[in-house]
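Participant: 6 is the number of the first residue of the sequence shown in the numbering used here; add one for each residue after it.
Hints are computed from structural coordinates only; laboratory data are not their basis. Check the hints yourself; a few may be wrong.
Unchecked claim - In silico EDC-like cross-links for lysine to aspartate or glutamate, where the CA-CA straight-line distance does not exceed 20 Å: (1) K114 to E151; (2) K66 to E79; (3) K114 to E80; (4) K114 to E130; (5) K114 to D76; (6) K114 to E79.
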Amino acid sequence: MQFPRDWRDSRRDGVARLPAPRRSHSSCAREARDALGSRSPEARQAMNAQSSERISNTTIKTARFGNVVFDPREELRFPVGIAGFPQERSFILIRPSEAAVVSWLQSTKTPTLALPVVSAHAFGEGYPDVDLGPLAERAGLGSRVEDLAVLVVLTAPPGAPATVNLLAPIVVNAESRIGTQIFLEGTRFGTRELFVPGRAAEATPK
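Use the sequences and the hints to build the structure in full.
Facilitator: Shown next, in the form of structure tokens:
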């Protein structure tokens with residue numbers, strides 16, 4: 006049986022809707038000063054009034070990226086945490102560059118916790134190989150598959166091949182920004198598949 010896969014089209018990749026901007030507090034402040042400095046007193050007053058109505062950005066300290074400024078609306082909430090980190094309920098997704106294949110799921114509470122992740126889009130039509138819709142709905146993420154962003158955790162130990170956990174991807178509803186880790190019942194993939202973008206379907210069945 007073939008399942009709808011429109012959400013995996015590059016123009017509809019749900020993961021592209023998740024990242025927080027990688028910007029330091031100092032760069033944001035500098036941009037604000039530059040923008041205000043080039044305007045008249047009346048324009049500056051109007052801009053300040055508009056800024057006060059916006060949601061204030063949040064700054065977090067991270068071990069890998071330094072201080073990161075993000076819009077609180079970009080927070081990803083995990084009500085039951087993720088495997089190995091049940092107490093971690095709040096993350097942002099950081100993509101180092103537009104061309105980067107690997108992004109980072111950064112905890113907003115623990116500076117040292119940043120998980121390397123890859124979009125399921127990178128693995129082509131062969132993944133996931135089971136219908137994600139019912140599993141996501143059962144997990145409380147809604148029934149609209151096109152709203153789902155699917156990430157897999159990457160492991161790259163020194164001196165060993167990089168692998169990805171295709172058995173239990175991290176799935177986020179890009180609209181509600183609620184996520185959880187879902188065990189793909191009936192999949193032929195395992196927790197340590199070689200990381201070969203676009204060739205996930207060739208992984209050895211488990």
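Participant: Between K114 and E151, is the straight-line Cα distance small enough, at 20 Å or below?
Facilitator: Violated, at roughly 29 Å.
Participant: Please work out if K114 and E80 have their alpha carbons no farther apart than 20 Å.
Facilitator: Cα-Cα ~12 Å, so holds.
Participant: Straight-line Cα separation of K114 and D76 no greater than 20 Å?
Facilitator: holds, 15 Å
Participant: Does K66 pair with E79 here, judged by a C-alpha cut-off of 20 Å?
Facilitator: Measuring from Cα to Cα gives roughly 16 Å; hence the hint holds.
Participant: Within a Cα-Cα threshold of 20 Å, do K114 and E79 meet the stated pairing?
Facilitator: Between K114 and E79 the Cα gap is close to 15 Å, so the pair holds against 20 Å.
Participant: For the pair supplied as a hint, K114 and E130, confirm whether the alpha-carbon distance does not exceed 20 Å.
Facilitator: Cα-Cα ~35 Å, so violated.
Violated hints, in rising order: 1 and 4; the structure is consistent with all others.
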